[in-house]
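These protein sequence lines map, in sequence, to chains A and B. Each residue of the first sequence is one higher than the one before, counting from 1 in the numbering used here. Each residue of the second sequence is one higher than the one before, counting from 1 in the numbering used here.
Just so you know, not all the hints are guaranteed correct.
[Claimed, not checked] Below, in silico cross-link-like pairs of lysine to any residue (SDA-like), each with a Cα-Cα straight-line distance of 25 Å or less:
| hint | chain 1 | residue 1 | chain 2 | residue 2 |
| --- | --- | --- | --- | --- |
| 1 | B | Lys18 | A | Val265 |
| 2 | B | Lys15 | A | Val92 |
| 3 | B | Lys15 | A | Lys196 |
| 4 | B | Lys70 | A | Lys196 |
| 5 | B | Lys87 | B | Asp220 |
| 6 | B | Lys15 | B | Ser43 |
| 7 | B | Lys70 | B | Leu106 |
| 8 | A | Lys196 | B | Ser43 |
| 9 | B | Lys70 | A | His264 |
| 10 | B | Lys87 | A | Leu104 |
| 11 | B | Lys18 | A | His264 |
| 12 | B | Lys87 | A | Glu166 |
| 13 | B | Lys87 | A | Lys196 |
| 14 | B | Lys87 | A | Tyr190 |
FYI, nobody ran anything at the bench for these hints, they're computed from the structure.
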Amino acid sequence: MVGERMTASPDHRAGTAGVGRLAPAAVALIALVGLWEAAVRLLQIEAFLLPAPSAVFTEFVADASVIWSAGFKTLIEAVGGLVAGTIGGILVAFVVARWEAVRLGAMPFAAAVNAMPIVAVAPITIALFGLTNPVSRMAVVALMVFFPVMINTTRGLLSADANELELMRSYGASGWSILRRVRIPSAHPYFFSALKIVVPLSLIGAIVSEYFGGPQDVLGQYITNRAQLFQFPDAWAAMLVAAILGIGMYSLVLLAERLVMPWHVSVRTSDQR
Amino acid sequence: MGEIVAARRVSKVFKTGKGAVEALRDIDLTIDPGEFVSLIGPSGCGKSTLLRLVGDLLTPTAGELVVNGKTPAQSRLDHDYGIAFQKATLLDWRTAIENVELPLELMNVGRDQRRARATEMLEMVELGEFVNANPWQLSGGMQQRVAIARALALRPPLLLMDEPFGALDEMTRESMQQELLRIWRETDTTIIFVTHSIPEAVFLSTRVVVMASRPGRIVDSMPVDLSHPRGVDTREDERFYTTLTEVREALRGR
Chain A
1 MVGERMTASP
11 DHRAGTAGVG
21 RLAPAAVALI
31 ALVGLWEAAV
41 RLLQIEAFLL
51 PAPSAVFTEF
61 VADASVIWSA
71 GFKTLIEAVG
81 GLVAGTIGGI
91 LVAFVVARWE
101 AVRLGAMPFA
111 AAVNAMPIVA
121 VAPITIALFG
131 LTNPVSRMAV
141 VALMVFFPVM
151 INTTRGLLSA
161 DANELELMRS
171 YGASGWSILR
181 RVRIPSAHPY
191 FFSALKIVVP
201 LSLIGAIVSE
211 YFGGPQDVLG
221 QYITNRAQLF
231 QFPDAWAAML
241 VAAILGIGMY
251 SLVLLAERLV
261 MPWHVSVRTS
271 DQR
Chain B
1 MGEIVAARRV
11 SKVFKTGKGA
21 VEALRDIDLT
31 IDPGEFVSLI
41 GPSGCGKSTL
51 LRLVGDLLTP
61 TAGELVVNGK
71 TPAQSRLDHD
81 YGIAFQKATL
91 LDWRTAIENV
101 ELPLELMNVG
111 RDQRRARATE
121 MLEMVELGEF
131 VNANPWQLSG
141 GMQQRVAIAR
151 ALALRPPLLL
161 MDEPFGALDE
171 MTRESMQQEL
181 LRIWRETDTT
191 IIFVTHSIPE
201 AVFLSTRVVV
211 MASRPGRIVD
221 SMPVDLSHPR
231 GVDTREDERF
241 YTTLTEVREA
251 LRGR
């Protein structure tokens, strides 16, 4: 189905874009790293303030196996919490969107909780699930993810166009049919905006929770330990790994978005209108 | 039986935060099969409300309403009517043909039969080449054609149209009117057509129902004495102009 649509509407813009459009960003990146390196050397900036990119890169290579293995463990915590929080958020959104009474009762609290700094509960989940148990960190991530996903998906389910709903009603369509054919597709763009918010949040939640202690072989602990030993380039190399993981996860969301809703304005590949 | 719509002393009151609003008062209207009836009147005269009462998208507060010999609810569940809005209201996540298939799908028509019928309908509205187009790739007029094809996919005896050409430019609008008259003649469908435009109402209809507001009510029902098929010449016919004037005066309350 997706493939069929892609061929029906060939990607005019991406064809000419590709490499050419990435060039300015690549030049900017090289310039920025060069400037950074030059500044650190010329101004003799101390490594604890800002290590040179070359020093960071050296550690990134030298300590690669340790950092990546830590990164992988952190990634599992982030993804575990992300999946749990997203599934929970979607399920609750269906209930909340379906019954107005539930909505009126629950939404103000959801919005209030969403405004709280949820990472702060990490010591509590650690007490609950145990310091060494990755579930302690996943629980924090899940909570951070849950509210944006739930609130946005609820809004999406309720955003269906009034005429579209009248049309379905004119056909005597069942509630389930309206949900499947109109409400869920209408919620897709809202759900994906939520995902784009919570994917970076999930890594933040995992790493910050790790600062509170627990197994040593995770990114958060790696960063704190190295910083305490004044091995700042190592700490920065770990942040580079965290950045790569974050960008990777975010790219997967963008890809999923293109596959799931090729029809939406934000991802349309052609527009003849 | 006989008539496809029969309304007797139908009223509709909306309860709002600021109190009750009388949208329609004592509507008496009968429409015979094969008629093309336009509802015309100022904003707030309840013409769209009346259309929605017939379609059972709203329920009358008082009065008796019979559609196709049944209650409006039964008639809706039996798919006795198709509907089109000012906005084409195509589902963006479906191609043109998938949009036309929607009502057939909801009636559990088999896949092959659905495809065949939807293709036939798109050909009728002269969009045979755009079967697999996405809605946003079509012009406003083309989108509205798809919407009409969808409304007629189940061969309903009645077609309800709520200012379907209101958002189109004048040129497209006139060609769509021509197209709609052709479809009306080819399909034997009874059409109830809500519009703001006097020339549109006169050009299309066999009868123009003039409404007034506060409360919404019918003030006149005027047969249009213009021969069929109608075309460019009709718009230059002297009787076309006299009817325009009559409708305009009825709208002004004479």
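Cross-check of the supplied hints:
1. For the given pair, Lys18(B) sits about 38 Å from Val265(A) by alpha-carbon distance, which is inconsistent with the 25 Å threshold.
2. At most 25 Å may separate the alpha-carbon atoms for a hinted pair to count; Lys15(B) and Val92(A) exceed this at roughly 32 Å.
3. A distance of roughly 41 Å separates the Cα atoms of Lys15(B) and Lys196(A); the hinted pair therefore is violated under the 25 Å criterion.
4. Under the criterion of a C-alpha separation no larger than 25 Å, the hint pairing Lys70(B) with Lys196(A) is inconsistent with the structure, at around 51 Å.
5. The hinted pair formed by Lys87(B) and Asp220(B) fails the criterion: a straight-line CA distance of about 28 Å is larger than 25 Å.
6. At roughly 19 Å between alpha-carbon atoms, Lys15(B) and Ser43(B) fall within 25 Å of each other, so this suggested pair holds.
7. The hinted pair formed by Lys70(B) and Leu106(B) meets the criterion: a straight-line CA distance of about 21 Å does not exceed 25 Å.
8. For the given pair, Lys196(A) sits about 43 Å from Ser43(B) by alpha-carbon distance, which is inconsistent with the 25 Å threshold.
9. Distance restraint check for Lys70(B) and His264(A): the Cα-Cα separation of roughly 41 Å exceeds the 25 Å cut-off, and the hinted pair is therefore not satisfied.
10. Taking the CA atoms of Lys87(B) and Leu104(A), the gap is about 31 Å. The hint is violated against a cut of 25 Å.
11. As the CA atoms of Lys18(B) and His264(A) are separated by approximately 38 Å, the hinted pair breaks the 25 Å bound.
12. For the hint linking Lys87(B) to Glu166(A), the alpha-carbon distance of about 12 Å falls within 25 Å, and the restraint holds.
13. Between Lys87(B) and Lys196(A), the direct Cα distance comes to roughly 31 Å. Violation of the 25 Å bound is thereby established for this hinted pair.
14. For a cut-off of 25 Å, the pair hint linking Lys87(B) to Tyr190(A) stands: about 22 Å separates their Cα positions.
The structure does not agree with the numbered hints 1, 2, 3, 4, 5, 8, 9, 10, 11 and 13 stated previously, though it agrees with the rest.
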